[in-house]
Structure formats: C-alpha cells, structure tokens
Amino acid sequence: MLHIYCPHCAEYREEEEFHCAGQAHIARPLDPEACSDEEWGEYLFFRKNPRGLHHELWVHAAGCRKFFNLTRDTQSYEIKEVYMIGEQPSVVAGSVQQTTASGAKS
Amino acid sequence: MSEMNNMTAAESAATKAAVMNQVPGPDVEGQSPLHHADFAGLAKRGMQEGGIHLRELALLGHLTLRCDSSNHEQVACVAAILGVSLPLTPLTSAEKGAYSIRWMSPDEWLILVPGLEAFSIESQFRDAMPGHYSLVNSSGGSTVLMLSGDNAVELLKKSTTVDWHLSEFPVGKVVSTLFAKSTATIRRTGDQCFELVIRRSFADYIWLWIQDASLEYGLVIKA
Ligand SMILES: [Zn+2]
Numbered sequence: 001m002l003h004i005y006c007p008h009c010a011e012y013r014e015e016e017e018f019h020c021a022g023q024a025h026i027a028r029p030l031d032p033e034a035c036s037d038e039e040w041g042e043y044l045f046f047r048k049n050p051r052g053l054h055h056e057l058w059v060h061a062a063g064c065r066k067f068f069n070l071t072r073d074t075q076s077y078e079i080k081e082v083y084m085i086g087e088q089p090s091v092v093a094g095s096v097q098q099t100t101a102s103g104a105k106s
Numbered sequence: 001m002s003e004m005n006n007m008t009a010a011e012s013a014a015t016k017a018a019v020m021n022q023v024p025g026p027d028v029e030g031q032s033p034l035h036h037a038d039f040a041g042l043a044k045r046g047m048q049e050g051g052i053h054l055r056e057l058a059l060l061g062h063l064t065l066r067c068d069s070s071n072h073e074q075v076a077c078v079a080a081i082l083g084v085s086l087p088l089t090p091l092t093s094a095e096k097g098a099y100s101i102r103w104m105s106p107d108e109w110l111i112l113v114p115g116l117e118a119f120s121i122e123s124q125f126r127d128a129m130p131g132h133y134s135l136v137n138s139s140g141g142s143t144v145l146m147l148s149g150d151n152a153v154e155l156l157k158k159s160t161t162v163d164w165h166l167s168e169f170p171v172g173k174v175v176s177t178l179f180a181k182s183t184a185t186i187r188r189t190g191d192q193c194f195e196l197v198i199r200r201s202f203a204d205y206i207w208l209w210i211q212d213a214s215l216e217y218g219l220v221i222k223a
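Chains as they are written, first to last, in full-length UniProt numbering: chain A, 1 to 106; chain W, 1 to 223.
Check each hint, because a few of them may be wrong.
What the hints assert, rightly or not - Facing chain W, a subset of chain A residues (Cβ under 7 angstroms, in silico):
(1) H8
(2) C9
(3) A10
(4) E14
(5) G41
(6) A62
(7) C64
(8) R65
(9) K66
Stated by the list, open to error - Pairwise CB distance ranges (calculated):
(10) A21/A x A79/W: 32 to 42 angstroms
(11) P50/A x L42/W: 51 to 61 angstroms
(12) A21/A x L57/W: 51 to 61 angstroms
(13) T74/A x K181/W: 21 to 31 angstroms
(14) F46/A x A98/W: 49 to 59 angstroms
Since the hints were derived computationally from the structure, they do not count as laboratory data. Keep in mind that this is a model prediction, so the values were computed, not measured. Note that beta-carbon positions come from the ideal geometry of N, C-alpha and C, so glycine has one too.
Let the hints inform the model, and build the full structure from the sequences given.
Here it is as structure tokens:
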C-alpha cells in the first residue's frame with residue numbers, strides 16, 4: 001500500500017482512500033475544432049507510460065474529494081513529490097534532486 | 001472571486017425557490033435507516049455492560065455547505081446564523097449547543113442541527129448568505145452513530161486505517177475516511193467517544209459490522 005500525503009487534508013492517508021486519475025498536466029486544446037484528427041487523438045487517447053518518474057493526477061476520493069498532482073517512480077513506487085493543481089513539478093526526469101515523499105515542499 | 005459572487009439581495013432571495021421543508025407533518029412517523037434494528041428495545045433487553053457502547057443520533061438535520069473560506073462576508077454570515085464559526089483549518093470541527101460543523105474539504109462543511117430546525121436554518125441561509133454558495137439538505141442520505149466505551153478505539157482500529165492515538169487524533173478532529181470499506185465521516189468527541197456520519201444505504205451493513213467487530217468486547221446499545 002502507498003502512504004500518500006493529501007495536500008488539502010495536510011496529512012498522510014492510506015492508498016485505499018485515493019484514486020489515480022491518470023497522467024497529469026494534459027492541457028485540453030483551446031480550439032478543438034482546429035485540431036487535426038491526429039492532434040485530437042493524441043490529446044484524447046495517448047498517454048505516457050514511462051519507466052521511472054511519472055507525473056500523475058490523484059483524487060482523495062474517500063476523504064476531501066479534491067484532486068492533486070503526484071510524482072511517482074513507476075519502478076520503485078516511491079512517491080517523490082505531491083503538489084497542487086496548477087503547480088509545476090520540481091522533481092522531473094533528469095533532475096538530480098532526490099526528495100522523499102512529502103507534501104512539505106515549503 | 002468571479003462576478004457570480006456579487007448576487008444582489010433579490011437574486012439571492014430568488015434561490016429560495018429551491019428550499020422546501022423535507023420533514024413531514026406530525027402525523028407521519030420519521031424512521032431512521034436503523035429503525036428496524038430497534039435500538040430502544042435492544043437497550044432494554046440487550047447487554048448492559050461491555051467495552052463498546054453504541055447509540056444512534058437519528059433524524060438529525062444534515063446540511064452540506066459549500067462556500068469560499070476567503071470570503072469574509074460568507075464566513076461572518078455562517079457565524080451569525082449558527083452562533084459558531086466555520087472551522088477553516090483542515091480536519092477540525094466546531095460546535096455550540098446543538099449545532100456542529102465539520103470541515104470536509106477546503107470549500108465544504110457538514111453542519112448537523114436538530115432535525116426539526118433544519119428547514120428554519122436553511123431558510124436563514126437563503127435570506128442572509130451573500131455571494132456564490134451551495135447549501136444542500138442531505139438529512140435523508142445519512143445517519144449518525146455515537147461509538148464509545150473502553151474498546152471504542154480498538155473497534156476503530158479494526159475498521160479503518162487512521163491513526164487514532166490521541167496525539168495524532170485529538171478531541172475535535174474529524175476525518176472522512178473508509179470505515180469497513182464504506183465511507184464515513186468520523187469525529188472524536190471525547191477520549192473514548194466518536195461520532196460516525198454514515199450513508200443511509202450502508203447503515204445496515206455497518207450495524208452488522210459493528211455487532212461482529214464488538215463480539216470480543218461486548219456491545220451495549222444505548223437508546
Ligand atoms: Zn484530502
């Protein structure tokens with residue numbers, strides 16, 4: 001089980017309270033009508049499946065029911081960072097920073 | 001925030017159309033989701049000593065409020081109506097007399113009031129609350145269990161993944177979590193006393209679960 005920090009509740013909870021809602025930072029095209037089929041298909045269907053760091057959208061489904069972002073290593077399952085919607089990750093592929101799972105980014 | 005927060009008094013009053021008294025007249029008996037369990041009878045016939053004490057706070061008024069915690073007018077309005085301020089710190093609660101408020105999320109609170117006062121309080125919100133907000137009477141959707149006794153914490157440990165140590169979970173703290181895999185909002189009201197707000201449709205399942213989980217401690221039903 002993952003032990004996940006909810007930045008809204010400001011404490012750690014068990015994984016069973018959460019749902020993963022897939023890849024984070026997927027921007028909806030501002031003008032869908034202007035998209036080619038390929039662009040729209042990319043947006044709608046195609047997702048990253050990295051071995052290593054992955055930025056995911058999670059929801060505290062049984063708790064506060066709010067969404068947040070989480071950076072996880074898909075190989076070790078280690079949670080590197082939790083951050084709010086609208087924020088950018090500070091731990092990214094190739095970065096040397098090795099924070100542990102914490103919401104305490106401050 | 002947005003211009004939706006600047007409703008005129010007339011526009012606010014127009015939202016009153018959505019409010020109606022959900023409590024039937026005195027000729028219709030109100031029945032809680034655990035009516036069939038007959039807690040009143042079990043309290044007389046059942047065990048009188050044991051490590052778990054269980055009571056249902058039936059037919060309370062459950063009001064779900066969603067508003068903007070940074071809107072001082074809204075926060076002040078809630079305090080004026082209920083006589084107690086919205087708890088703005090995550091996982092905290094506040095109460096005064098028969099009114100209590102639980103933090104549910106950064107923009108959501110659960111207010112419990114005596115069942116017969118729910119309509120009046122809803123109406124006061126519609127009259128006085130400024131700006132963009134939502135108040136939903138969800139009284140029929142859930143019920144409240146009071147769990148206490150020397151083994152109350154042990155029973156919660158079996159049923160949830162939350163840390164119940166007093167240093168982590170002081171009196172007044174509230175969490176929405178999973179209790180035996182069904183959703184529950186649990187608040188500590190005393191060292192060994194807890195309030196569970198549970199879904200109506202799960203009430204019977206949780207009643208069965210609590211009976212089973214308290215077999216080793218002894219279950220005392222309080223009316
Ligand atoms: Zn949360």
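Here is what the structure says about each hint:
1. H8: holds, 6 angstroms
2. C9: Holds, because the Cβ-Cβ distance from C9/A to chain W comes to roughly 5 angstroms (cut-off 7 angstroms).
3. A10: Since chain W brings a Cβ to about 5 angstroms from A10/A, closer than 7 angstroms, the hint holds.
4. E14: It holds, given that the least Cβ distance between E14/A and chain W is near 4 angstroms, below 7 angstroms.
5. G41: violated, 34 angstroms
6. A62: At about 5 angstroms, which falls below the 7 angstroms cut-off, the nearest Cβ of chain W leaves the hint on A62/A intact, so it holds.
7. C64: holds, 4 angstroms
8. R65: Interface hint status for R65/A: holds (6 angstroms vs cutoff 7 angstroms).
9. K66: holds, 6 angstroms
10. A21/A x A79/W: 32 to 42 angstroms: Given a distance of about 36 angstroms, which is inside 32 to 42 angstroms, the answer is holds.
11. P50/A x L42/W: 51 to 61 angstroms: holds, 57 angstroms
12. A21/A x L57/W: 51 to 61 angstroms: Given a distance of about 35 angstroms, which is not inside 51 to 61 angstroms, the answer is violated.
13. T74/A x K181/W: 21 to 31 angstroms: Cβ of T74/A to Cβ of K181/W: about 27 angstroms, so the range 21 to 31 angstroms holds.
14. F46/A x A98/W: 49 to 59 angstroms: holds, 55 angstroms
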